Amino acid sequence: MLEITNLQVSVGKKPILKGLSLTVKPGEVHAIMGPNGSGKSTLAHVIAGRDGYNITGGSVTFNGKDLLSLAPEERAGEGVFLAFQYPVEIPGVNNVYMLKAALNGIRKYRGEKELDAIEFLKIVKAKTKAVGIDDGLLNRPVNMGFSGGEKKRNEVFQMSVLEPHLAILDETDSGLDIDALKAVGDGVNQLRDGSRSFVVVTHYQRLLDYIVPDFVHVLAGGRIVRSGDKGLALELEERGYDWLKDEASVV
Amino acid sequence: MASQPQDITDFVNRKYEAGFYTDIEQDSVAPGLNPGVIEFISKKKGEPQWMLDWRLKAYERWTKMAEPKWAHVHYPPIDLQAISYYSAPKSQDDRPKSLDEVDPELIATYEKLGIPLEEQKMLAGVAVDMVFDSVSVHTTFKEKLAEVGVIFCSFSEAVINHPELIQRYLGSVVPVSDNYFAALNSAVFTDGSFVYIPKNTRCPMELSTYFRINAMNTGQFERTLIIADSGSHVSYLEGCTAPMRDENQLHAAVVELVALDDAEIKYSTVQNWYPGDENGVGGIYNFVTKRGDCRGNNSKISWTQVETGSAITWKYPSCILKGDNSIGEFYSVALARNCQQADTGTKMVHLGRNTRSTIISKGISADRGQNAYRGLVRIAKGATNARNYTQCDSLLIGDRSGAHTFPYVEVKNSSAQIEHEASTSKISDDQLFYLRQRGIRDEDAINMIVNGFCRDVFKELPMEFAVEAQKLLSISLEGSIG
Numbered sequence: 000m001l002e003i004t005n006l007q008v009s010v011g012k013k014p015i016l017k018g019l020s021l022t023v024k025p026g027e028v029h030a031i032m033g034p035n036g037s038g039k040s041t042l043a044h045v046i047a048g049r050d051g052y053n054i055t056g057g058s059v060t061f062n063g064k065d066l067l068s069l070a071p072e073e074r075a076g077e078g079v080f081l082a083f084q085y086p087v088e089i090p091g092v093n094n095v096y097m098l099k100a101a102l103n104g105i106r107k108y109r110g111e112k113e114l115d116a117i118e119f120l121k122i123v124k125a126k127t128k129a130v131g132i133d134d135g136l137l138n139r140p141v142n143m144g145f146s147g148g149e150k151k152r153n154e155v156f157q158m159s160v161l162e163p164h165l166a167i168l169d170e171t172d173s174g175l176d177i178d179a180l181k182a183v184g185d186g187v188n189q190l191r192d193g194s195r196s197f198v199v200v201t202h203y204q205r206l207l208d209y210i211v212p213d214f215v216h217v218l219a220g221g222r223i224v225r226s227g228d229k230g231l232a233l234e235l236e237e238r239g240y241d242w243l244k245d246e247a248s249v250v
Numbered sequence: 000m001a002s003q004p005q006d007i008t009d010f011v012n013r014k015y016e017a018g019f020y021t022d023i024e025q026d027s028v029a030p031g032l033n034p035g036v037i038e039f040i041s042k043k044k045g046e047p048q049w050m051l052d053w054r055l056k057a058y059e060r061w062t063k064m065a066e067p068k069w070a071h072v073h074y075p076p077i078d079l080q081a082i083s084y085y086s087a088p089k090s091q092d093d094r095p096k097s098l099d100e101v102d103p104e105l106i107a108t109y110e111k112l113g114i115p116l117e118e119q120k121m122l123a124g125v126a127v128d129m130v131f132d133s134v135s136v137h138t139t140f141k142e143k144l145a146e147v148g149v150i151f152c153s154f155s156e157a158v159i160n161h162p163e164l165i166q167r168y169l170g171s172v173v174p175v176s177d178n179y180f181a182a183l184n185s186a187v188f189t190d191g192s193f194v195y196i197p198k199n200t201r202c203p204m205e206l207s208t209y210f211r212i213n214a215m216n217t218g219q220f221e222r223t224l225i226i227a228d229s230g231s232h233v234s235y236l237e238g239c240t241a242p243m244r245d246e247n248q249l250h251a252a253v254v255e256l257v258a259l260d261d262a263e264i265k266y267s268t269v270q271n272w273y274p275g276d277e278n279g280v281g282g283i284y285n286f287v288t289k290r291g292d293c294r295g296n297n298s299k300i301s302w303t304q305v306e307t308g309s310a311i312t313w314k315y316p317s318c319i320l321k322g323d324n325s326i327g328e329f330y331s332v333a334l335a336r337n338c339q340q341a342d343t344g345t346k347m348v349h350l351g352r353n354t355r356s357t358i359i360s361k362g363i364s365a366d367r368g369q370n371a372y373r374g375l376v377r378i379a380k381g382a383t384n385a386r387n388y389t390q391c392d393s394l395l396i397g398d399r400s401g402a403h404t405f406p407y408v409e410v411k412n413s414s415a416q417i418e419h420e421a422s423t424s425k426i427s428d429d430q431l432f433y434l435r436q437r438g439i440r441d442e443d444a445i446n447m448i449v450n451g452f453c454r455d456v457f458k459e460l461p462m463e464f465a466v467e468a469q470k471l472l473s474i475s476l477e478g479s480i481g
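Protein sequences appear in the order of chains A and B. Per numbering that gives the first Met the number 0, the first sequence starts with residue 0, numbered consecutively. Per numbering that gives the first Met the number 0, the second sequence starts with residue 0, numbered consecutively.
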């Protein structure tokens with residue numbers, strides 16, 4: 000499904016990713032862990048198509064398509080979703096209204112019929128219940144005045160409505176208390192259906208208590224320096240990242 | 000144009016020169032402005048002597064005035080002596096014969112706005128038989144208004160049929176000598192709208208110039224007077240989202256509103272005059288004086304405007320809060336793109352006690368557009384417990400556009416409470432990326448952000464107008480991604 004080969008990315012002149020490779024198959028959950036500044040968020044943004052990164056080498060394909068040649072909205076149409084670390088506030092734009100435009104944008108891209116307001120609201124109602132988001136948030140402007148937890152829950156809610164093939168969670172756990180963390184984890188788990196894939200970017204192990212990964216990769220110095228199963232995450236929790244950093248500099 | 004007053008004096012001195020003196024049978028008058036021309040206009044319209052005297056007085060004052068230069072707009076000098084101040088509507092022969100002869104850009108815009116074919120023809124000035132459905136709409140409309148005693152007619156009709164109201168209120172809000180363009184308008188205005196709402200009457204429908212198809216050709220010097228008698232209520236819509244073809248480059252309208260005790264006037268405008276091509280060539284110059292007088296206690300006047308057209312906009316819908324407990328409101332969205340320049344804002348003059356005013360101004364600048372907010376809040380000595388809230392936001396699209404804010408505050412009473420909030424922002428890459436990541440195309444994402452920015456103003460517009468205004472803004476912003 001997602002095939003990243005020898006990806007090299009720099010910001011300005013500074014290389015951030017230095018030959019990263021990763022394969023994600025349908026239904027798999029991959030956790031990308033690593034110390035601050037190791038390039039985790041860069042990876043998430045490059046997959047989603049954010050401007051400001053120079054791709055200096057390598058490739059990213061998604062279901063056989065060259066993802067790097069597509070605009071962000073086209074990648075969304077292909078089924079890529081990014082849950083943001085810092086969801087941005089958009090004054091005056093109603094949350095549900097935005098989501099309807101998003102869903103119909105994706106449907107249009109796929110050549111599917113756009114949904115009318117009634118059909119759309121049916122979906123929203125069902126998903127609201129499933130994700131357990133406070134429906135008072137739905138008709139507020141996008142993320143305006145939301146608490147940290149509400150913003151992340153809103154991301155999960157949007158994900159559940161848009162039903163992506165691949166969801167990337169960028170430090171979704173940052174700034175969440177335990178209850179919010181659990182709620183977000185529950186929301187994500189509901190979306191695991193055996194064919195949808197997840198890339199979970201996180202600094203801490205604790206999110207992985209709720210979203211149990213099939214694979215754990217450690218990103219350090221712009222490369223994946225170690226891969227394993229969920230046991231690796233626990234090991235990192237105990238030993239920290241330093242021992243791997245040394246390994247990275249050796250490689 | 001520093002030399003203009005001298006030019007004018009010259010013209011005044013040779014006012015009866017041969018060739019200038021106009022024949023009443025004639026349908027238009029040679030370019031230039033002098034008392035003879037004003038007499039011609041007045042006679043042509045069959046006006047009583049008092050109306051002519053009023054015009055001549057305005058002309059007299061105008062000759063002593065100079066064109067204002069303080070606005071943050073730049074344009075080549077306007078030669079007011081090169082304009083013909085009266086011309087009959089264009090004959091059918093001079094008009095485009097069909098839509099095929101009209102600028103395809105204009106037609107494309109009409110189609111995006113979903114305007115029916117017949118209306119497209121009318122707006123584009125195509126020679127058509129104007130007698131279609133609207134006439135019957137027009138008639139039922141008039142009957143319904145007459146039932147409750149509301150007067151809604153062209154200004155010319157009002158001069159003839161309701162002279163007592165005109166004499167009493169005309170110029171009582173915007174005096175003839177108020178400013179250069181208002182004085183010019185007072186001297187040469189050709190037509191406009193007149194509205195009178197009787198005591199304790201709620202006007203049963205939104206009044207719209209759109210219904211008055213006979214007033215489509217009111218020309219460049221439009222005059223509007225709306226009087227809401229005690230305890231009455233009226234909502235008036237001006238303009239049209241469709242860009243109208245117009246022969247006249249200079250527009251200098253005057254709008255006067257009078258609200259007596261407990262009366263309320265809501266005046267909404269969508270202005271979409273031709274802005275010129277991308278280099279600003281051929282666009283309309285719009286120099287408008289709009290002012291409302293909250294003359295009675297507990298009265299309220301509310302201005303809402305969406306300004307997307309014109310090459311140059313010079314416009315400050317204002318409120319004089321004379322009555323105790325009176326309320327003034329100003330909600331504005333002004334868009335300037337390509338070479339458009341907008342200098343717009345409001346004046347809230349608090350004279351009465353417990354008067355309140357709210358100003359919400361949203362300026363959007365794209366491409367090389369320049370947008371200026373200019374506002375005055377004046378609290379007079381006697382205006383005890385006056386309150387004002389001003390919010391003035393600017394949104395920049397691209398890196399060549401500009402936003403300017405000129406707020407003036409004068410307070411002479413220490414009990415006043417004044418709040419001013421201002422912000423300038425660019426559409427952020429973060430917002431754009433967020434929406435695009437969700438699957439929304441880049442242009443749609445910009446529209447969404449801009450419409451969100453304007454929401455506080457759009458929600459003040461009557462429902463249908465608000466929908467149209469949003470659509471208009473989207474179309475106006477097409478291709479302006481910075």
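Treat the hints loosely; a few may be bogus.
When the alpha-carbon atoms are kept at most 27 Å apart in a straight line, the in silico DSSO-like pairs for lysine-lysine are as follows [as the list claims (entries may be wrong)]:
1) B/K321 / B/K380
2) A/K124 / B/K380
3) B/K321 / A/K107
4) A/K112 / B/K321
Far from chain B, by Cβ distances over 12 Å, these chain A residues were calculated [to be verified]:
5) Q189
6) S194
7) F214
8) S226
Please keep in mind that the hints were generated in silico from the structure rather than gathered at the bench. Just so you know, these numbers come straight off a predicted model, no measurement behind them. We treat Cβ as the ideally placed atom computed from N, Cα and C, and that holds for glycine.
Checked hints:
1. B/K321 / B/K380: holds, 12 Å
2. A/K124 / B/K380: Roughly 57 Å between the alpha carbons, so the hint for A/K124 and B/K380 is violated.
3. B/K321 / A/K107: violated, 56 Å
4. A/K112 / B/K321: This hinted pair is violated, its Cα atoms lying about 57 Å apart.
5. Q189: Answer for A/Q189: holds, closest chain B Cβ roughly 20 Å.
6. S194: holds, 20 Å
7. F214: holds, 24 Å
8. S226: holds, 27 Å
Checked against the numbered hints above, the structure violates hints 2, 3 and 4; every other hint is satisfied.
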